[in-house]
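**Student:** Chain by chain, the residues run as shown.
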Amino acid sequence: MAAKPHRLHQMASVLSSAKKPRMMSTNSSMKEEFAKHADYLNQLNDKRERVVKASRDVTMNSKKVIFQVHRANKDNREEVLSKAEKDLAAVTEQFMSRLVKELKGNDFWKLRRAYTFAVQEYVEAATFCRFCRKGSLLDLKEINSTLLQLSDQYEEPLQINALDYLLGLADLTGELMRLAIGRISDGEVEYAEKICRFVQDIYRELTLLAPIMDDNADMKKKMETMLQSVMKIENACFSVHVRGSEYIPLLGTNDVDYSFMGLPDFDS
Amino acid sequence: MAAKPHRLHQMASVLSSAKKPRMMSTNSSMKEEFAKHADYLNQLNDKRERVVKASRDVTMNSKKVIFQVHRANKDNREEVLSKAEKDLAAVTEQFMSRLVKELKGNDFWKLRRAYTFAVQEYVEAATFCRFCRKGSLLDLKEINSTLLQLSDQYEEPLQINALDYLLGLADLTGELMRLAIGRISDGEVEYAEKICRFVQDIYRELTLLAPIMDDNADMKKKMETMLQSVMKIENACFSVHVRGSEYIPLLGTNDVDYSFMGLPDFDS
Amino acid sequence: YSMETQFEHFRAQMEESGNIRERIRSVASEIESALRVMHAGLLLVHQSLSAAEVLKKANAQIEVLRVLYDRLAQILSECPGQYYRYHSDWRSETQTAVSLLAFSQWLETGSLLTHAEAENKLGCLCFMSNELPRYVVNQVTAGDYDCPRNVLKFLTELHSAFRMLNLRNDFLRKKFDGMKYDLRRVEEVYYDVKIRGLAPAESTT
Amino acid sequence: YSMETQFEHFRAQMEESGNIRERIRSVASEIESALRVMHAGLLLVHQSLSAAEVLKKANAQIEVLRVLYDRLAQILSECPGQYYRYHSDWRSETQTAVSLLAFSQWLETGSLLTHAEAENKLGCLCFMSNELPRYVVNQVTAGDYDCPRNVLKFLTELHSAFRMLNLRNDFLRKKFDGMKYDLRRVEEVYYDVKIRGLAPAESTT
Amino acid sequence: YSMETQFEHFRAQMEESGNIRERIRSVASEIESALRVMHAGLLLVHQSLSAAEVLKKANAQIEVLRVLYDRLAQILSECPGQYYRYHSDWRSETQTAVSLLAFSQWLETGSLLTHAEAENKLGCLCFMSNELPRYVVNQVTAGDYDCPRNVLKFLTELHSAFRMLNLRNDFLRKKFDGMKYDLRRVEEVYYDVKIRGLAPAESTT
Amino acid sequence: YSMETQFEHFRAQMEESGNIRERIRSVASEIESALRVMHAGLLLVHQSLSAAEVLKKANAQIEVLRVLYDRLAQILSECPGQYYRYHSDWRSETQTAVSLLAFSQWLETGSLLTHAEAENKLGCLCFMSNELPRYVVNQVTAGDYDCPRNVLKFLTELHSAFRMLNLRNDFLRKKFDGMKYDLRRVEEVYYDVKIRGLAPAESTT
Amino acid sequence: YSMETQFEHFRAQMEESGNIRERIRSVASEIESALRVMHAGLLLVHQSLSAAEVLKKANAQIEVLRVLYDRLAQILSECPGQYYRYHSDWRSETQTAVSLLAFSQWLETGSLLTHAEAENKLGCLCFMSNELPRYVVNQVTAGDYDCPRNVLKFLTELHSAFRMLNLRNDFLRKKFDGMKYDLRRVEEVYYDVKIRGLAPAESTT
Amino acid sequence: YSMETQFEHFRAQMEESGNIRERIRSVASEIESALRVMHAGLLLVHQSLSAAEVLKKANAQIEVLRVLYDRLAQILSECPGQYYRYHSDWRSETQTAVSLLAFSQWLETGSLLTHAEAENKLGCLCFMSNELPRYVVNQVTAGDYDCPRNVLKFLTELHSAFRMLNLRNDFLRKKFDGMKYDLRRVEEVYYDVKIRGLAPAESTT
Ligand SMILES: [Mn+2]
Ligand SMILES: [Mn+2]
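Protein chains in written order, with this note's numbering: chain A, 1 to 268; chain B, 1 to 268; chain C, 1 to 205; chain D, 1 to 205; chain E, 1 to 205; chain F, 1 to 205; chain G, 1 to 205; chain H, 1 to 205.
Hints are supplied without guarantee of correctness; some may be wrong.
As the list claims (entries may be wrong) - Lysine-lysine pairs mimicking DSS-like chemistry, simulated, CA-CA at most 25 Å apart:
id : chain 1 : residue 1 : chain 2 : residue 2
1  : C       : Lys121    : B       : Lys104
2  : E       : Lys180    : A       : Lys232
3  : E       : Lys174    : A       : Lys220
4  : E       : Lys180    : F       : Lys180
5  : A       : Lys63     : A       : Lys83
6  : B       : Lys47     : C       : Lys174
7  : C       : Lys174    : B       : Lys31
8  : H       : Lys153    : H       : Lys194
9  : C       : Lys175    : F       : Lys180
10 : A       : Lys31     : D       : Lys121
11 : B       : Lys53     : A       : Lys101
12 : B       : Lys47     : B       : Lys36
13 : A       : Lys64     : C       : Lys174
14 : D       : Lys121    : A       : Lys47
15 : A       : Lys31     : B       : Lys64
16 : D       : Lys175    : A       : Lys110
17 : A       : Lys47     : B       : Lys53
18 : B       : Lys194    : B       : Lys63
19 : B       : Lys63     : B       : Lys220
20 : G       : Lys56     : H       : Lys180
21 : A       : Lys141    : A       : Lys64
Claimed, not checked - Derived DEER-like restraints, expressed as beta-carbon distance ranges:
id : chain 1 : residue 1 : chain 2 : residue 2 : range
22 : D       : Pro80     : A       : Lys141    : 14 to 22 Å
23 : A       : Leu148    : D       : Glu32     : 36 to 44 Å
24 : E       : Glu108    : D       : His9      : 31 to 39 Å
25 : G       : Lys174    : E       : Ala52     : 50 to 58 Å
26 : C       : Asn130    : F       : Asn150    : 22 to 30 Å
27 : G       : Lys174    : H       : Pro200    : 39 to 47 Å
28 : E       : Leu49     : D       : Val37     : 51 to 59 Å
29 : D       : His9      : C       : Gly197    : 54 to 62 Å
30 : D       : Thr5      : E       : Glu108    : 27 to 35 Å
31 : E       : Glu63     : C       : Leu198    : 55 to 63 Å
32 : H       : Glu78     : G       : Ser33     : 41 to 49 Å
None of these hints come from the bench; they were simulated from the model.
For every residue, glycine included, the Cβ atom is placed at its ideal position computed from N, Cα and C.
The shape of chain A in the complex, shown without the other chains (with noise of 0.2 Å):
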C-alpha cells in the first residue's frame, strides 16, 4: 500500500547521506548487487509473460460471450442470455482470476499496458451482457465486487480502475450499435430505440470524460467511432420513422403499426 513513497523517501535519504559513503567498489559487491537485480528483471520478465498470456485468454474468451449475447432474438433470449451469463463466469472464474493474482499492488500500474485491452474487452462483454438483460448500465462497482469475491486471499485485491472501464464502455457503444440495426429488423423498434437514447447518453457524458482522462489518445480516437456508431443507430431510427409515418393513399390508413416493420410474417 504505502510501499511505494516509502521507496521515495529512501531516495531522500540516500541524498542526505550523500556524504557518507557506502563502500561497495570490491567487485565481488557489485556482483552481488547485481545478481539480485538480474533476479529481479528475470522474475519482471516472467510475470509480464504470465499477465500477457492470461489477457490473451481474457479477450478470446470475452469476445465469445459479446458474439453469444447478439444470438439472442425474441424468441430465444433467454436461453441464449443465460449461457452468455454463465459463460462470462467462467472466464472471470477461471482466466480475470489468474489476473488478480497476477497483479497486486503495484505491478497493477505498473503492468497495465499488459492487459489493459484485456480488461476493457472484459468490461465491454460484462457491460454488454447486463444491457440486454437489464437495460441498464452495469457499473464498476459493481464488476469490482465480483473481483473482489476471486481474491479474497490477497491483502490487494485487483480493482479494474476508471479509466479501463471507460476505455471499454466505449467499446460497449459498438456492439450496441450491431444490437439495434438487429432489433430494428427483428421489428422491435422501441427497443432500437431505447438503444439510441442509452448510447447517446454515454456518448455525451464521455465527450465531458473523454479529454480529462489519463493518456487520451485511444479515447479520442474510440470518440470518433463511436459518434459514427451513434449516427448509424440514430440514422436506422430515422428510416424507420419516416418509412412507418408514410401516407399510403392505397391502405387510406394513416397509423402507424411500427409491429409491422421489419419483422417478416414467414412460417418460421
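We have chain A already, so just place chains B, C, D, E, F, G and H with the ligands on it with the hints.
**Tutor:** Below, chains B, C, D, E, F, G and H with the ligands without anything else, positioned relative to chain A:
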C-alpha cells in the same frame, strides 16, 4: 502433402457441376453447414492462440540464450558456452517442440505471421551459439535435422523455411557486432577481425538474396541495420589498427603489439 | 566454401519460388479477366433481363474458369505444402469467383453453393448479400413484386446462420456487419411493397 | 439517475488525479531546475577543476533536492498504490538525479551508490558511464595520467556486472550497448598513456 | 564580461515570454473546461429536448467564457504587437468556442453569429455544419417534418457564401470539403421526408 | 577543368527545366482559378436553377480556359518530347477541367463529350458520375420526377462501357469502383419514384 | 444581404493576408539564395584557405542580405502587430542567416555577434557549433596545432552560458543537446594534439 | 453507337500503353538482377581484394547491362515523345546502374564517369559517395595509408562542384546533404592517420 491443390480440383469440379443444383436451401441444412464452419473457425483460433503462446516462450528463452553467450570471455568460454548450448537444447525440446506439434501441413504457411518472429529469434540464438563455438555458420539443414528428431511421430514435420532462417541471420549480425566490440576490449583483436570478415560475407551474400525474398519489406529494413553493424565493426577494427600502428618516438620501437591493446593488466 | 554453397542454394530456391509466383500471378490475371466478363454478364440482372438470359452469358465463362483453375492446381501441386505461401496471389480472384458462382447458382436454383473452403465461402456469401438489395430494388422497379419476400427469407436465414460464428475483429466481421444493412434494406423494400398491397399472396412453400 | 451519478463520480476522480498530476509535474519541474544547476557544477570536472571544488558546488544542491523529494513522496502517499500511475511524470528527472548523485559519489569515494530502485539505478549507471570517456580525456589533457587506469578498472567491472542481466530489447539494452563504446574509448586512452610511458607505476590496491 | 551579459539578457527575455505563455495556457485550459460543459449541454438537442431548455444550459456557460476571454485579452494587452506570437496557444479553444456560440445562436435565431476574426470564424462555421445533419435526422424522428427544409436553406446559403472565398489555407479547405457531405446528407433527409409527403406545404416566400 | 565543366553543364540543364516547370505551374494555377468559378456556377444545378441559366454561367469560363490551355501548349511545344516530364504539374487541373466540361455538355445535350486523352477523360467521367446522385435527389425534391429514369439510363450505359476496359491503372480503378455507388443511389431514387407511382409513363423509344 | 456582406468582408481580409504572405515568401526565397552562396564561401575554411580569403567571399553577400532584410522589414511594417503572424515564413532563413553571420564574425574576431532576437540567435549559435569540430580536425590535419585549444576555450564558454538558460523551447533544447557532442569532439582533438606533444606551450593569459 | 465506339478506342489505347509498360518493367527487372550481382562483386573491395580483381567481377556485368539497355532503348523508340511517360518504371534501376558504374570507374581510374543525363547522374554521384568512407576505413585497416588523402581530395572537389548547383529537387538535396557526412568521415579518417604520422609524405603538387 498434396492436400491443398486437391481443394482447387474441388473448386474446378464445383465449376463443372455448377449447373446441377445441390439443394441446400432449407434452414436446417444451412444451419448444419454453418455449424461446421463455426467449429472450423473456433479450432483455427484456438490453434493460433496456442501457436502465439508457444512463440512467446521460444522468443523469450532464445533471447536468454543470446545473453548467456555474451557472458563468455577468454577465461570462462567453455563453461559459459556449454551452459548456453544446454539452454538452447532446452528451448528446442520444450518450446520449439510445441510449435512443431501445432504446425503440421498447411498451417505452416497459414499461421506464419503468428510464429515467424519466434523462429527468427531461435535461428539467431542457434547460429550465434555455433559461431561462438566453431566460428562457422550453422546451416539451415542442420537446424532442421534437429527439429526432425522432435517430430518423428508426425507425418509432416515442421521445417524452418529459408525466409525465416535468413531473417534470423540478419539479426545475428547485430549480436556479432556486440560480440566484436567486446572481444576487442578483451584483447582478442584477431577474433574481432574474424567476426568482421564473417559479417561482411553475410552482408554481401544477403545483398544478392534480400531483393528476391517473399515480401521483403522487413528484410530491407534489416539490411540497413546490418550495414550499420558492419560499419561499426569495421570502424572498431580500424581504430585498433591505427592506434596500434602509431610510431612512438618515446619508446623508440615500431612493433605492433596487438595483444597489449585493450587488455588491461589488472590483477583480476 | 560452405557459406557460399548454402546461399547459392537459397538463391536457387528463391528464384524458383519467384518463378512459381510469377506463373501463379499470370493465371490469376487471366482468371480475373474471365471473371470481369462473367460479372458484367451477371450485372445485367439489375437491368431486369430474365434470369435465363443472364445465366447463359455467365455460364459461358464457367468452362473458361475450369481450365484456368486446373492450371492453377497444377502449378500448386508442384510445390506441395506451400498452398498458403502463395495464397495472397490468387485469393482475391478466387473469392470473386466463388461469389459469382454462388450468385449465379442462387439465381438459378435459389440454393446455396456447397463445397467451398470455409473462409472463402463465408467471404463470398457476404459479398453476395451486398448485391441483393440492389437486385431487389431493381426487380421491384421492373414490376417483380414477388422478389423481395424470397430474397428476404433467404437473407434472414443466411444472417441467422452467420450469427453462429465467432469472428475475430477482421475482414469477415466487417463484411458481416454490412450484411445487417443489406438485410435492413431488403426488409424496407418488402415493407414498401407489402404496405401498398403489391406483394402477391403467399404460396405455401 | 444512476448513469449520471457514476459519471459524476468518475469526473471527480479524474479531476482529482489531474490535480495530483499537476502538483507532481510542478515538483518535477523544480527538481529539474535544481538538477540543471547541479549538473552545470559537476560538468566543471571536465575543465579540470579539482574534485573537491566540483563537489562543493554539486553538494549545495543536494539539500534542495532532499526537500523536493520529500514533497514528492508526500503527494504520492496521498494516492496509495498508484506509484506507477504517475511514474512517467517524474521518472526522467529521477533518473537524472540518481545519475548525478552516483557520479558525484563516485568522484568523491570511487564507490557506487547503493540503495536505489533497480531499473532507475541501472539506467543511471549507463548514463554515468557515458560521462567517463570525456572525463578521462580531459583529465589526461590536464596532466592526470593516473585517471585512465582507475576509470578503466571501474568501468570493466561495471560492464562485466551488467552482463549478468537479461535485458529486453528496450531502452536499457541500447544504453548498455553504448557502455561498450565507453569502455573501448577509456581503454584507448589508457593505451595512449601507457604506450608513452606516462602512466604511473601501479600501486598495490 | 560580454558573453555572460548577453546570455543574461537572453535569459530574462525567455523567462518573460515563458511566463506569459504559461498564463495564457492556464486560461486556455479553463476555457476548454467551460466549453466541454457547454458542448455536453448542446448535445441534448439531439435527444429532442426543446431548444429553449437546451439553450438555457448552454447560455449558463457563456458568462463564464466572457470572464475568461477578458482575462486572456488582459494578458495579451501586456505584450503589444505579439498577439500572433501566442496565437497557437489559444487558437483551437477559440475555434471551438466560436463553433458552439454559432450553433447556439443559430438554434435561437436561425441566423449567423456576426463579428469574429475571419479565419477563425470560417473554420468554426464549417465545424458547426457537422452537427446539422444529426440534428435534422433526430428532429424528423421526433416528428418535426419542417426542420429539414429550413436547415437545408440555411446550409445552402452558407455553402454558396464559402464557395466565393479563395481558400488557400489547407486546413480551411479541408473543413470546407467536409461541408459538402453535410449538405448532401441534409438534402437526402429532406428528400426522404418530401417524397413520402411528410413535409408541410411551403409557405409562399 | 573537367569536373567543373561537367557540373557547369548540369547547372544549365537544371536551371532550364526548373524555369519551364515554374511557368507551367503558374499557368496551372490560373487554370485552377477559372475552374473554381466554373464549378461554383455548375453547382447551382443542385438548387434547381434551369439548365440554361446554369450553363450560361459555366460557359463564360470556357473561353478563359481555352486561352490558358493555348499558353500551356505553347510552353510544352518549346521542349519537344518532354510532354510527360511535366505531366504531373498540370494533370489534376486538367482532370477537373474535363470533368466540368463533360458535366456541362451532358446537362446541355445529354450526351458525352468526345475527343480527349483516354486516361484523363476516363477519370473525369467517374468524377462526373459523383455529381449525379445529388442532382437526381434534388430534382425529385423540386418535383421533376422524370429525371431519375433519364439519368439512370445514361449512368447504366456509362458503367457498362467502363466494364469493358481492362483497368490496370489503380487510380482509375478506384474511381470506377466508386461509380457503382452512384449507380446504386440513382437506382434507389428511381425506385422511390416508381413505387409511389410518381414516375411519368415511359414513352416508347 | 447580411451573410453575403459578411463573407465579402472575409474574402477581402483573406485576399490581403494571402498577398502579404506571398510577398514575404518571395523575399525569403531570395534570402535563401544569397545564403547558399555565402555558405559555399564559408565552407572553404575547411579546406584550409586563410580566414581572410574566406571572409572576403562571405562578406560580399552581407550587403545583398542587408537590402533583402530592408525589403522584408518594409513589408512587415505595412501590417503592424502581425510580425509573429508571418514569422514561420521567414524564420528558418533568418536562423541560417544569423548562423552564418555569427560564424564569419567568429572567424574574424574570435568573439560573438551581439544584438539579435533571443530565440533566433540561440538556435543559430548551436548550429554554428556544429561546424567547429570539422574546422578543428581540418586545421590540425593542415598543421595548425594551436587551433584546438582556442576553439575549445570558446566552445566551453558558449556551452556554459547556454547551461544557465532555462530552455523550455523544445527545438532549442534539442539543438543545445547536440552542442555537447561538438564540445566532446573538440576536446578529443585537443587531447590528441596534447598527448603527442604537438600543442604549443600555453601563453600566460 | 457513339459511346461504345469511343470506349472501344479508349480500350485500344490503354491496352497498348499497358503492353509497353509491361515490356519495360520486364527489362527493368533484368537490369536489377544484373546490378545486384555487380553490386555484390564490388562489395569485395571492402574486404581488401585488389581493385583489379574486384573490377574483373564487376566488369563482367557491364556487357550484360549494355545489352539490356539496348533493349530498353528499342522499346522506347517505338513510342516517340513518351520517354518521360514511362520514366518512373526504369528510373531507380538506372540510378543504381550509374552509381555502380561511377564507383567502378573511379576505382579503376580515380576520375569521374562523364556523359549521363543530369539529374540521374547527380543522384548517383551522391549515392556513390556513401561507399567511400567505408572504403577508406577498410583500406587503412589493410595498411594502405595513402588512400584517405586521395579520396578526400576527390570528395572535396565533388562536394564543391555540387554546391554550385541550385538544387530545387528535394530528392537530390537530401542526398546531397548526406554527402556532407561522408566528407566529414573521410576527413576524420585522414586526420587519424595523419596525426599518428602514418600518412606518407605528400608529393609536391
Ligand atoms: Mn467490440
Ligand atoms: Mn538480437
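**Student:** Take the hints in turn and mark each one as holding or not.
**Tutor:** Hints and how they fare:
Restraint check: the Cα-Cα separation between Lys121 of chain C and Lys104 of chain B comes to about 23 Å, which is no more than 25 Å; the hinted pair holds. For the hint pairing Lys180 of chain E with Lys232 of chain A, the CA-to-CA distance comes to about 19 Å; that is within 25 Å, so the pair holds. As the CA atoms of Lys174 of chain E and Lys220 of chain A are separated by approximately 20 Å, the hinted pair is consistent with the 25 Å bound. Between Lys180 of chain E and Lys180 of chain F, the direct Cα distance comes to roughly 20 Å. Compliance with the 25 Å bound is thereby established for this hinted pair.
At most 25 Å may separate the alpha-carbon atoms for a hinted pair to count; Lys63 of chain A and Lys83 of chain A meet this at roughly 14 Å. Pair hint Lys47 of chain B plus Lys174 of chain C holds up; C-alpha atoms about 23 Å apart against a cutoff of 25 Å. Taken as a hint, the Lys174 of chain C and Lys31 of chain B pair is honoured in the structure, with Cα atoms around 21 Å apart against an allowance of 25 Å. Distance restraint check for Lys153 of chain H and Lys194 of chain H: the Cα-Cα separation of roughly 15 Å lies within the 25 Å cut-off, and the hinted pair is therefore satisfied.
Our distance criterion of 25 Å between C-alpha atoms is met by Lys175 of chain C and Lys180 of chain F, whose separation comes to about 18 Å. Using a Cα cut-off of 25 Å, the hinted pair Lys31 of chain A and Lys121 of chain D holds, with the two alpha carbons roughly 15 Å apart. Between Lys53 of chain B and Lys101 of chain A the CA atoms are separated by roughly 19 Å; this keeps the pair inside 25 Å, and the hint holds. Distance check on the hinted pair: Lys47 of chain B and Lys36 of chain B sit about 16 Å apart at the alpha-carbon level, within 25 Å; holds.
Simply put, Lys64 of chain A and Lys174 of chain C have alpha-carbon atoms about 16 Å apart, close enough for the 25 Å limit, and the pair holds. Taking the CA atoms of Lys121 of chain D and Lys47 of chain A, the gap is near 21 Å; set against the 25 Å cutoff, the hint holds. With a C-alpha separation of about 19 Å, the suggested pairing of Lys31 of chain A with Lys64 of chain B holds against the 25 Å cut-off. Note on Lys175 of chain D and Lys110 of chain A: the hinted pairing holds, with a Cα-Cα distance of about 21 Å set against a maximum of 25 Å.
The straight-line distance between the Cα atoms of Lys47 of chain A and Lys53 of chain B is roughly 14 Å, inside the 25 Å bound, and the hint therefore holds. Between the alpha carbons of Lys194 of chain B and Lys63 of chain B the distance comes to roughly 24 Å, so the proposed pair stays at or under 25 Å and holds. Using a Cα cut-off of 25 Å, the hinted pair Lys63 of chain B and Lys220 of chain B holds, with the two alpha carbons roughly 23 Å apart. Restraint check: the Cα-Cα separation between Lys56 of chain G and Lys180 of chain H comes to about 24 Å, which is no more than 25 Å; the hinted pair holds.
At roughly 24 Å between alpha-carbon atoms, Lys141 of chain A and Lys64 of chain A fall within 25 Å of each other, so this suggested pair holds. With their beta carbons about 19 Å apart, Pro80 of chain D and Lys141 of chain A fall inside the hinted range of 14 to 22 Å. For the pair Leu148 of chain A and Glu32 of chain D, the beta carbons lie near 40 Å from each other, so the given range of 36 to 44 Å is met. Between Glu108 of chain E and His9 of chain D the beta carbon distance is about 33 Å. The supplied range of 31 to 39 Å therefore holds.
Take Lys174 of chain G and Ala52 of chain E: their Cβ atoms lie about 54 Å apart, and the range 50 to 58 Å holds. As the Cβ distance of Asn130 of chain C to Asn150 of chain F is approximately 27 Å, the hint placing it in 22 to 30 Å holds. The given range of 39 to 47 Å is respected by Lys174 of chain G and Pro200 of chain H, whose C-beta atoms sit roughly 42 Å from each other. Here the CB-CB span from Leu49 of chain E to Val37 of chain D is close to 58 Å, well matched to the stated 51 to 59 Å.
The hinted window of 54 to 62 Å between His9 of chain D and Gly197 of chain C holds, with their beta carbons roughly 56 Å apart. In this structure, Thr5 of chain D and Glu108 of chain E meet the distance hint of 27 to 35 Å, their C-beta atoms being roughly 31 Å apart. In this structure the supplied range 55 to 63 Å holds for Glu63 of chain E paired with Leu198 of chain C, their Cβ-Cβ distance being about 59 Å. About 43 Å separates the C-beta atoms of Glu78 of chain H and Ser33 of chain G, a value consistent with the hinted range of 41 to 49 Å.
Violated hints for the displayed structure: none, as all numbered hints are satisfied.
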